[in-house]
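Colleague: Single-letter residue listing:
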Amino acid sequence: MENLYIKATSFTPAIGLDKSGELQIIGRSTSENALDFYRPALQWLREYIKSPSTTTTVTLKLDYFNSSSSKCLLDIIKTLAKIESETNMLVINWVYQRYDLDMRETGEDFASLSRVPFNFIENDEIAPN
Amino acid sequence: MIEVINRPETTTIIRYEGEINAELSRGLTLAVHNQLTNLENDLLIRKRVTHLITECLLNLTHHAEGAPDVGQPGKYVSLVIEHNNDHYSIHTTNTVSTKKVKFLTGLLDKVNSMSSSELYEHYMNQLQSGQYTNKGTAGLGFIDMARKSGHALTYEFSSLNVNYSRFSFQLIIDKVKK
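Sequences listed follow chains A and B, in order. For any residue, its number in our numbering is found by taking its place in the first sequence, counting from 1, and adding 1. For any residue, its number in our numbering is found by taking its place in the second sequence, counting from 1, and adding 1427.
To be clear, the hints were calculated from the coordinates, so they are not data collected in a lab. Don't take each hint at face value.
Cross-link-like lysine-lysine pairs, in silico, DSBU-like; alpha carbons within 35 Å at most [what the hints assert, rightly or not]: (1) A:K20 to A:K51; (2) B:K1575 to B:K1526; (3) A:K83 to A:K51; (4) A:K83 to A:K20; (5) A:K20 to B:K1502; (6) A:K8 to B:K1575; (7) A:K20 to B:K1602; (8) B:K1537 to B:K1502; (9) A:K8 to B:K1526; (10) A:K51 to B:K1575; (11) A:K8 to A:K20; (12) B:K1602 to B:K1529; (13) B:K1502 to A:K83; (14) B:K1502 to B:K1575; (15) A:K8 to B:K1529; (16) B:K1529 to B:K1502; (17) A:K79 to A:K8; (18) B:K1575 to B:K1529; (19) B:K1502 to B:K1602; (20) B:K1527 to B:K1537; (21) A:K20 to A:K79.
Rough simulated footprint, nothing fancy, chain B against chain A, three-plus residues with beta-carbon under 8 Å [said to hold, decoys possible]: (22) 14–25; (23) 46–57; (24) 92–102.
Selected chain B positions facing chain A (Cβ under 7 Å, derived; list incomplete) [claimed, not checked]: (25) N1465; (26) L1466; (27) E1467; (28) N1468; (29) L1471; (30) I1472; (31) L1567.
Backbone N, C-alpha and C fix where the C-beta goes; we use that ideal spot for every residue, glycine too.
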């Protein structure tokens, strides 16, 4: 399978999905058609989890996302959660700006619903497009 | 037409009346974001207000309807964002089919009846297992609005004719973090 890279716009995030196990979603996600936007990424991930890297590191670094996007993002995380096993490790880094308690809380909600431990990382350099 | 009002004596930040589509929605979000950057020093409040406006616009884009038999063929909406010393308010109107009024009333009354912990549980249930399509998330947006606003969602339906009703909706966001 090929790697998947989607460039950011002012209302959709950059997506970088690399077969090596480095996965990133960075930016702003306020598209009205979140399902259509995230469909290629979800399809890629469903293929990836059949034969994942020994370690999969996911970085989620989002400035804003709407409720439509939140459903898609949770689906992505729950898909990745299937990777976790004795031989395969999943690391999820939830990066948020220090003042953004709402984003921190949303990450905690996603971690709870997906039953995957997140690393919560403060970073004030999340730059929207 | 988007009207950006900068006069210091006014409390209206933006007023928009016209048709809505994805492109206009994005333009309005950007205009509001820029205005709030000048108006609001508290980064969390600024972000919360922008987020809630984004959710309101998402609802309008997905659910506003045209009403050709009342001379309104396009998806005509209004959006007014105001502030005073205590809070921001977001007020929207759009047309909906009268057959949707009962469903929306039920959805909003349910959200408004919940305590903060019940709202959280409802939010988590909807996030986990609620249906979603490109036309919306079956109420997740309203739940999110109620949680982040901390106030009841104020609304009213007024009948245009037997087929269509006007939906007026208001959201309040305090300037002091809760």
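Colleague: Give a verdict on every hint.
Modeller: Verification of the supplied hints:
1. Restraint check for K20 of chain A and K51 of chain A: satisfied, since their Cα atoms lie roughly 12 Å apart, inside the 35 Å limit.
2. Proposed proximity of K1575 of chain B and K1526 of chain B is supported: the alpha carbons are some 29 Å apart, at most 35 Å.
3. The straight-line distance between the Cα atoms of K83 of chain A and K51 of chain A is roughly 9 Å, inside the 35 Å bound, and the hint therefore holds.
4. With a CA separation close to 16 Å, the supplied pair K83 of chain A and K20 of chain A stays within the 35 Å bound.
5. Note on K20 of chain A and K1502 of chain B: the hinted pairing is violated, with a Cα-Cα distance of about 44 Å set against a maximum of 35 Å.
6. A threshold of 35 Å between alpha carbons decides the hint, and for K8 of chain A with K1575 of chain B the separation of about 30 Å falls inside it, so the pair holds.
7. Between the alpha carbons of K20 of chain A and K1602 of chain B the distance comes to roughly 45 Å, so the proposed pair goes past 35 Å and is violated.
8. Simply put, K1537 of chain B and K1502 of chain B have alpha-carbon atoms about 27 Å apart, close enough for the 35 Å limit, and the pair holds.
9. Of the supplied pair hints, the one linking K8 of chain A and K1526 of chain B is violated, its CA atoms being roughly 41 Å apart against a limit of 35 Å.
10. Proximity of K51 of chain A to K1575 of chain B is assessed by CA-CA distance (about 38 Å); at most 35 Å being required, the pair is judged violated.
11. For the suggested pair K8 of chain A and K20 of chain A, the alpha carbons sit about 18 Å apart, so the restraint of at most 35 Å is met.
12. Of the pairs offered as hints, the one joining K1602 of chain B and K1529 of chain B holds, with about 33 Å between alpha carbons and a cut-off of 35 Å not exceeded.
13. About 42 Å separates the Cα atoms of K1502 of chain B and K83 of chain A, which puts this hinted pair outside 35 Å; it is violated.
14. Using a Cα cut-off of 35 Å, the hinted pair K1502 of chain B and K1575 of chain B holds, with the two alpha carbons roughly 27 Å apart.
15. Using a Cα cut-off of 35 Å, the hinted pair K8 of chain A and K1529 of chain B is violated, with the two alpha carbons roughly 42 Å apart.
16. About 21 Å separates the Cα atoms of K1529 of chain B and K1502 of chain B, which keeps this hinted pair within 35 Å; it holds.
17. Between K79 of chain A and K8 of chain A, the direct Cα distance comes to roughly 23 Å. Compliance with the 35 Å bound is thereby established for this hinted pair.
18. For the proposed pair K1575 of chain B and K1529 of chain B, the alpha carbon gap of about 25 Å is at most 35 Å, so the pair holds.
19. Of the pairs offered as hints, the one joining K1502 of chain B and K1602 of chain B holds, with about 32 Å between alpha carbons and a cut-off of 35 Å not exceeded.
20. Distance hint between K1527 of chain B and K1537 of chain B is fulfilled; the C-alpha atoms sit about 16 Å from each other, no more than 35 Å.
21. A distance of roughly 18 Å separates the Cα atoms of K20 of chain A and K79 of chain A; the hinted pair therefore holds under the 35 Å criterion.
22. Beta-carbon proximity to chain B at under 8 Å applies to 0 residues in the stretch 14–25 of chain A; the threshold of 3 is not reached and the given coverage is violated.
23. Counting residues of the stretch 46–57 of chain A whose beta carbon lies closer than 8 Å to any beta carbon of chain B gives 0, which falls short of the minimum of three for the stated coverage.
24. Given as covered by chain B, the stretch 92–102 of chain A passes the check, having 4 residues with a CB less than 8 Å from a CB of that chain where 3 are the minimum.
25. The restraint placing N1465 of chain B at the interface with chain A is violated, with a minimum CB-CB distance near 17 Å, outside the 7 Å limit.
26. The restraint placing L1466 of chain B at the interface with chain A is violated, with a minimum CB-CB distance near 17 Å, outside the 7 Å limit.
27. Hint status for E1467 of chain B relative to chain A: violated, with the closest Cβ pair at about 12 Å, above 7 Å.
28. Restraint check, N1468 of chain B versus chain A: the minimum CB separation of about 11 Å is more than 7 Å; hint violated.
29. Evaluation of the L1471 of chain B hint against chain A yields a held restraint, the C-beta minimum of about 5 Å falling below 7 Å.
30. About 10 Å separates the beta-carbon of I1472 of chain B from the nearest beta-carbon of chain A, more than 7 Å, and the hint is not met.
31. Because the closest C-beta pair between L1567 of chain B and chain A is about 4 Å apart, less than 7 Å, the hint holds.
The structure does not agree with the numbered hints 5, 7, 9, 10, 13, 15, 22, 23, 25, 26, 27, 28, 30 stated previously, though it agrees with the rest.
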